[in-house]
Amino acid sequence: MTLKECAHRVTAEWIVPGDEAVEFHDVVVSDLMSDVLVTEHDDFLLVTSLASEQVVRTADIVDARAILLANGKRPQPALKQLAASQGIPLLTSTLSTFDICRALAGCKDES
Amino acid sequence: MSRGGPIPIDTDVPSPIITELIYRLKVRDVMTREVKTCEVEDSVRNAQQIMKENGITGVPVVSASRLLGIVSMDDVIRALEDGRIDEPVPHYMTRSVIVLEDDMPLSFGISYLEKYRYGRFPVLDAGKNLVGIVTSRDIIIALLLEINKEVQRFEDTTRQAETEGRGFRLEYTTRKFDFEMAGRLSTETKKLLKERNFPPKIMRRVAVATYELEMNQVVHSLGGTVRVTFEPDRNEVDIEAQDTGPGIENIEDALDEGFSTANEWIRSLGFGAGMGLPNTRRVSDTFDISSSPEGTLVRVTIYIPTEEPDEAL
Chain Y
1 MTLKECAHRV TAEWIVPGDE AVEFHDVVVS DLMSDVLVTE HDDFLLVTSL
51 ASEQVVRTAD IVDARAILLA NGKRPQPALK QLAASQGIPL LTSTLSTFDI
101 CRALAGCKDE S
Chain A
1 MSRGGPIPID TDVPSPIITE LIYRLKVRDV MTREVKTCEV EDSVRNAQQI
51 MKENGITGVP VVSASRLLGI VSMDDVIRAL EDGRIDEPVP HYMTRSVIVL
101 EDDMPLSFGI SYLEKYRYGR FPVLDAGKNL VGIVTSRDII IALLLEINKE
151 VQRFEDTTRQ AETEGRGFRL EYTTRKFDFE MAGRLSTETK KLLKERNFPP
201 KIMRRVAVAT YELEMNQVVH SLGGTVRVTF EPDRNEVDIE AQDTGPGIEN
251 IEDALDEGFS TANEWIRSLG FGAGMGLPNT RRVSDTFDIS SSPEGTLVRV
301 TIYIPTEEPD EAL
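As you go down the protein sequences, you meet chains Y and A in turn. The numbering used here puts the first residue of the first sequence at 1, with every later residue one more than the last. The numbering used here puts the first residue of the second sequence at 1, with every later residue one more than the last.
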């Protein structure tokens with residue numbers, strides 16, 4: 001699924017813009033960054049309701065394609081700045097984590 | 001005249017950095033040099049006009065750069081009440097003015113603000129000439145600028161980097177609960193590995209190990225250092241994390257996935273899930289840990305596949 005399609009499905013707002021054509025083939029959903037670090041995937045979307053700088057650090061380490069903040073979380077300026085400087089697209093959606101998962105559920109079969 | 005409590009800069013027992021700073025800075029470093037003054041012939045109305053035009057509340061009265069007194073807003077109000085606003089300033093100015101000398105340490109300026117409760121202090125040079133004026137605003141601005149510089153200097157000392165050819169050595173200092181700084185080492189390490197065309201899987205393992213070790217120190221220790229070393233002739237990346245205590249009570253437990261001593265607010269930041277050390281061990285080729293109340297030392301090695309890293313991509 002492309003970031004464009006994803007943003008459309010969860011009515012997300014782009015906080016740090018990126019290439020909308022970028023594709024991801026899996027989604028990792030977690031508020032525990034240690035769990036994210038364990039994953040073996042590398043072309044995935046990170047969905048979290050944690051809006052701290054450590055989310056960006058973690059996403060960078062595991063090469064996540066983009067970060068999608070759930071529950072309408074608004075990032076602090078420092079988080080935004082870090083995401084921009086690391087070149088990681090950042091989106092936010094007012095949907096709950098569960099509804100985001102529902103909306104993106106098909107992404108694995110579609111790709 | 002009392003205006004609330006004392007100024008919360010404790011000049012008796014402040015931090016060493018602040019003490020050093022307020023003694024190093026002289027009054028002349030913080031004072032405003034362009035002083036709006038009036039002459040003895042000027043009327044109180046003239047003085048009030050100068051205050052209004054310049055947005056100030058006190059005007060020194062001078063004669064050939066000698067300070068004779070100071071007219072404040074209070075003096076202007078007294079003259080107004082008396083209906084004598086057009087009288088010459090000497091009739092209403094305060095003559096016993098508290099002054100600072102330009103080579104006094106800033107600490108005097110701060111204690112004067114506290115002691116005398118005036119809004120401003122004229123500054124004289126060694127020859128008793130009026131050379132400036134100091135308000136609390138001047139002091140605040142100067143202090144903020146200096147503190148910024150000190151913080152910058154401090155942050156610079158938390159990072160050490162050496163590179164030699166393809167090799168590098170990178171060390172960061174961590175501090176207890178300083179979550180914002182944690183992760184800087186792994187971010188920079190990853191960048192260095194990327195520039196050297198390391199295989200993505202190796203980069204990721206090194207980044208995960210350094211990040212978990214940094215985070216572990218921030219969450220659990222009193223602070224420490226994490227160092228990454230890559231020597232090209234040895235096909236490995238070495239990571240060493242050394243903290244200053246309080247040590248791990250039971251290392252076996254700490255290496256168990258899910259075992260955690262972190263409290264609720266650390267968990268609310270997305271950490272403390274009891275995965276730090278197990279994760280580090282998972283991505284390491286060799287993993288050594290020793291701990292005592294004086295500190296914990298973790299040594300990790302990650303081997304680089306023997307083919308040239310450039311070709312491994």
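Do not take every clue at face value.
Within a straight-line C-alpha distance of at most 20 Å, the following computed SDA-like cross-link-like pairs (lysine to any residue) qualify [stated by the list, open to error]:
1) A:K36 / A:Y23
2) A:K191 / A:P246
3) Y:K80 / A:K149
4) A:K52 / A:K26
5) A:K194 / Y:S85
6) A:K191 / Y:K4
7) A:K201 / Y:D63
8) A:K194 / Y:R102
9) A:K191 / Y:R74
10) A:K191 / Y:E23
11) Y:K80 / A:E188
12) A:K191 / Y:Q81
13) A:K36 / A:G69
14) Y:K80 / A:I110
15) A:K191 / A:R153
16) A:K26 / A:R95
17) Y:K73 / A:E188
18) A:K201 / Y:D43
19) Y:K73 / A:K115
20) Y:K73 / A:S268
21) Y:K4 / Y:D31
22) A:K52 / A:E34
23) A:K128 / A:R267
24) A:K176 / A:I85
25) A:K201 / Y:K80
26) A:K201 / Y:T39
27) A:K191 / Y:D42
28) A:K191 / Y:K73
29) Y:K73 / A:K176
30) A:K201 / Y:D26
31) A:K194 / A:T157
32) A:K115 / A:E146
33) A:K176 / Y:S52
With beta-carbon atoms standing in for the labels, derived distance ranges [what the hints assert, rightly or not]:
34) Y:G72 / A:R78: 56 to 66 Å
35) Y:T39 / A:V151: 28 to 38 Å
36) A:G55 / Y:T2: 35 to 45 Å
37) Y:G72 / A:E231: 30 to 40 Å
Derived list of chain Y stretches under chain A, where covered just means 3 residues or more per stretch with a C-beta under 8 Å from a C-beta of chain A [what the hints assert, rightly or not]:
38) 50-64
39) 87-100
To be clear, the hints were calculated from the coordinates, so they are not data collected in a lab. None of these values were measured; they are calculated from a predicted model. We put the beta carbon where it would ideally sit given N, CA and C, even for glycine.
Hint-by-hint comparison with the structure:
1. A:K36 / A:Y23: violated, 28 Å
2. A:K191 / A:P246: Roughly 32 Å separates the two Cα atoms, so the pair is violated.
3. Y:K80 / A:K149: violated, 25 Å
4. A:K52 / A:K26: With Cα atoms ~30 Å apart, K52 (chain A) and K26 (chain A) exceed 20 Å; violated.
5. A:K194 / Y:S85: Holds. K194 (chain A) to S85 (chain Y) sits at ~16 Å (cutoff 20 Å).
6. A:K191 / Y:K4: violated, 28 Å
7. A:K201 / Y:D63: Roughly 11 Å between the alpha carbons, so the hint for K201 (chain A) and D63 (chain Y) holds.
8. A:K194 / Y:R102: violated, 36 Å
9. A:K191 / Y:R74: violated, 28 Å
10. A:K191 / Y:E23: Answer violated: K191 (chain A) to E23 (chain Y) is near 23 Å, above 20 Å.
11. Y:K80 / A:E188: holds, 18 Å
12. A:K191 / Y:Q81: holds, 17 Å
13. A:K36 / A:G69: Between K36 (chain A) and G69 (chain A) the Cα gap is close to 13 Å, so the pair holds against 20 Å.
14. Y:K80 / A:I110: violated, 39 Å
15. A:K191 / A:R153: violated, 24 Å
16. A:K26 / A:R95: violated, 25 Å
17. Y:K73 / A:E188: The hint is violated at about 27 Å.
18. A:K201 / Y:D43: Holds: K201 (chain A) and D43 (chain Y) sit about 13 Å apart, inside 20 Å.
19. Y:K73 / A:K115: Roughly 49 Å separates the two Cα atoms, so the pair is violated.
20. Y:K73 / A:S268: holds, 14 Å
21. Y:K4 / Y:D31: It is violated: about 23 Å lies between the C-alpha atoms, which goes past 20 Å.
22. A:K52 / A:E34: Distance of about 16 Å is within 20 Å: holds.
23. A:K128 / A:R267: Judged against 20 Å, a Cα distance of about 62 Å means the pair is violated.
24. A:K176 / A:I85: violated, 62 Å
25. A:K201 / Y:K80: Status violated; Cα separation ~27 Å.
26. A:K201 / Y:T39: holds, 12 Å
27. A:K191 / Y:D42: holds, 17 Å
28. A:K191 / Y:K73: Status violated; Cα separation ~29 Å.
29. Y:K73 / A:K176: Not satisfied, since the Cα-Cα distance of roughly 27 Å exceeds 20 Å.
30. A:K201 / Y:D26: Cα-Cα ~18 Å, so holds.
31. A:K194 / A:T157: Roughly 25 Å separates the two Cα atoms, so the pair is violated.
32. A:K115 / A:E146: violated, 24 Å
33. A:K176 / Y:S52: At roughly 17 Å apart (the allowed maximum being 20 Å), S52 (chain Y) and K176 (chain A) satisfy the hint.
34. Y:G72 / A:R78: 56 to 66 Å: holds, 59 Å
35. Y:T39 / A:V151: 28 to 38 Å: holds, 36 Å
36. A:G55 / Y:T2: 35 to 45 Å: violated, 57 Å
37. Y:G72 / A:E231: 30 to 40 Å: violated, 48 Å
38. 50-64: It holds: at least three residues are needed, and the stretch 50-64 of chain Y offers 11 whose Cβ sits within less than 8 Å of chain A.
39. 87-100: It is violated, with 0 qualifying residues against the three required.
Of the numbered hints given earlier, the model fails hints 1, 2, 3, 4, 6, 8, 9, 10, 14, 15, 16, 17, 19, 21, 23, 24, 25, 28, 29, 31, 32, 36, 37, 39; all others are met.
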